[in-house]
Amino acid sequence: MSSTFEIASCLPVVAVMLPLVGAAAAYLVGLRWGLLRNWLCCAVTAGSLALCLAMYPDIARGGVLVARAAVLLPLGISFRVDVLGFLLATVSAAIWFLATLYSLEYMRGEHGVNRYYAFLVLTLAGSLGTFLAGDLLTLFIFFELMSLPAAVLVIHEETQEAVRAALKYLFMTIGGSLFFFFSMVATYQFAGSVALGGRGLVGEASTLAFLTFMGFVVAFGIKAGMVPLHVWLPDAHPVAPSPASALLSGVMIKTGAYGMLRVMYEIFGLDLLRQTGWPSVLLGLSVATILLGSMVAVTQFDLKRRLAYSSVGQMGCILLGMSLMSERALTGDVFHFFADAVAKSCLFLCAGVIMKETGKRDIRQFGGIGHRLPITMACFAIAAFTLVGIPPFNGFISKLQLSLGAFDAGMPGYALALLASSMLNAVYYLPIVITAFFDRAAPAAANGAGRRRLAEAHPTMLAPIVVLALGCAVFALSSENWPLRLSETAARLLLRR
Amino acid sequence: MRHLPILLTVVPLTGAFLVPVLGRRPDRAYRLALLSVLLVLACAAGLLAMTGSGQTLQYYVGDWPPPWGIEVRVDALGAMLATFFAFVYLMVVLYAGSSVRAELGPAAQFWYWSLLLLLLAGINGVLTARDLFNLFVFTEIASLSACAIISVRDRLDSMEAALKYLILSAVAGGCILLGVALLYMVTGQLHLDHLGAALPAAAGSYPRVLLAALALLVSGFALKSALFPLHVWLPDAHSSAPSPSSAILSGLVVKLGIVALVRLFFVVFDWRRLVTLPLPTMVMAMGALGIVLGALFAMGQRDLKRMLAYSTVVQVGYIYFGLALLDEIALTGALMHVVNHALLKSMLFLCVGLIISRTGERSTAAMAGLARSMPLTVASFTVGAAAMVGIPLTNGFVSKWYMVLGTLNSGRPAMVAVILVSSLLSALYYFPLVVSAYFGRPASPQAEGPEGPPAMVWPVVGLAAVCLVLGIWPELPLRLLGGVARVMLGL
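Protein chains in written order, with the working numbering: chain Y, 1 to 497; chain A, 1 to 491.
Next up, chain Y with everything else stripped away, as it sits in the complex (with noise of 0.2 Å):
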């Protein structure tokens, strides 16, 4: 599969525009019609995730999708959709339709679900056009597109607390969006071009070259979440409402790894990363996350403050597998990506169904949940268990294929990182689990008056739940396992093999 030809194609500009128009058409009809816009909006998630599905057979082929949609300053507005950027782009329209979904009753009768509709769709747009932009400009104007919009969704219950969180998120983002603008501009004046998809533009090793490279660190580590540039991230991503902080921490976060990914091997190129051993700063700093982010989150009670530090200890070790530039580490990390995106967000809407059911956050509280939401805790418990690393999940392939790379890298101490953060995950996700359904003395101040019936969510909001934590389990355990195949793709395409 290491030759690939290009195939010239509309349904990448298609797939992005379909989400840009119906975020505008979401808040028109809303302002009229609600239960409308709220079909529409999962219309527009689902066919979104039917162009995405659409481009397989020619990505299967090995084919790459190009687009130019439109001049625009001295470049252009381009798409190419290879292997890596279909995987995302799939499996982030999948999450946002069936987020979209659980929307439709969680946010029954809550306040600004015009603009919360909208800016959801909105924000797909965004993650979209970043996973299948074809050059750094075009990364940078989606990547602003999905950052700047998701500015709203933290803010959406306008406490105070959610509006400092988005003034922080904000003014970060902004930050770091000068250092992506920085570096994007020296790239051009590097090389003329920002193109992505070849094997290196920055030629040879310079101090601005070396500034480009940390202006990209920055950029990317603050929506990555990478220590310690993360600080925005737990106060924002609790405040959303569940849904969106499932896309915020499920998905969104993934584009500034998913934009490093690309920067280094594209940008930069494998030869002159291993020539300058520049990524062994984002080595430290994942190292870094992965510790201080699985930590942190066991000193949180809030469940949602917890997952929301769980998210920055996984993207530690999704900046880790990048950073090792081996096969092997290469194919766990475009997993999980994967693993990660779907198992993290089946967590934040478990949250939301355990805090819109029994109206608590506190985990010290969550004694005897198991009994009154057993669909919810045992979906929750294959996705924290996905994270964990426990075996016939994804987690696992993901685990073991990143600490295989290591070795490859020949650098085995960081498996021992990756060891540490399942332990740690365990550390903070099992008690969870294990309260929910085998705490006996708490089941009645949990379920308030004695044992009452069950009371799971609405089937809209359990529907979503259920596949994602499927969608944990069912790659792994069959035979074909479709995603591996095609993060290994994607890893030797990166790599050039």
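In case anyone wonders, no lab produced these hints; they're calculated from the structure.
Fair warning: there could be bad hints in the mix.
[What the hints assert, rightly or not] Cβ-Cβ distance ranges computed for the label pairs, FRET-style:
#, chain 1, residue 1, chain 2, residue 2, range
1, A, R372, Y, L35, 37 to 47 Å
2, Y, A205, A, L38, 53 to 63 Å
3, Y, G62, A, R486, 44 to 54 Å
For every residue, glycine included, the Cβ atom is placed at its ideal position computed from N, Cα and C.
Place chain A on chain Y using the hints.
Coordinates of chain A only, in the frame set by chain Y:
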């Protein structure tokens, strides 16, 4: 058609004098002003079409060629600035048609229209003047009418601001005149091209006189355009005028000093000679200081109009910074930013004018929760804020791209930090306002009803739309300005 270059100045000048002659009724004065501005816009657009392919139009007043007669010359830069400035003027006049009625008495209104047209004559005169003395005269016409416009509102703080402006502008005018006189003394020329040709010879015999003339001219025009640290008059003057006038003063009038200096830098004084002096470095340093300190001052403001006025100090610093890099790309970006900032800042001042007339407050707290009752105004303000920060798809992004690229191209990567810091600081003072407008709780119950008279709301929306259009399709102005920059740098 041949007379278009001079009509640019003559039409508003005639209008300014016809207003008092034709009638003392405010609505008639308004219609006359509107007609004059429309004519100017048509002339400017025609000139833009003619200069679009790169040639310049020369016009000898009374067919007397220089050095005896006066030459008016329209190049692509002049035509483009004249077009955009006339467009801003049109929007402001439409807006002011409704707003001055509430703010000024009938007698003051009628003077207001006359002064506004006089100011437009001054602006177009500066844009098209080809000799140094006319440059001076039209700068003075613009400054004096601007000063009168500030004081048109019969209030103590307006008077104080006008006086402050008058004194500093008189100092600047004195400097410029002295500089012109010194140059005339050593060369015997006033026409810019002839001066430029005569200077190398004069530089050998009178190096100090030339240096003094250069210093006087630069400080005079820098004072007029509020380059830091000569900006002290600006926040008072721009915040105490009526909102439409603030829009013109902040958006257009400060640019005149910049345009005049651009002509001086690149036509009269050969820039390769200037590079041997530390002047570009000094201008760059002052620009950088203006960017950073102006932003810090802006952040401390509680008054919306003062905040916008300090933001103008920042943006002027930004433009000077780009000019002083002496790089083709940076110069293109800086000239593009002259246009962008004219559109943006006038739009923001008009937005704030709407907010003030609706809430009766000028404080930044007045923005809280306004998005519900004033959706179009707040949306336009958001576009303005995004463009000031330089977010993609707004015109601010285009100029930022060129400025950063130019800074790198001129081999000063460290200076990129100044531009990026300026963006970040702009975000720090604009975005909290936008967020509070959408998500804040209003301090007092808001009035019901439409957000303002349509004649005030739509000009704001129109300006915002142009900002977006220029952000998405910037090729035409960039192509023109790129040509101008190449000509200026002698490439």
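Which hints from the list above does the structure break, by number from lowest to highest?
1
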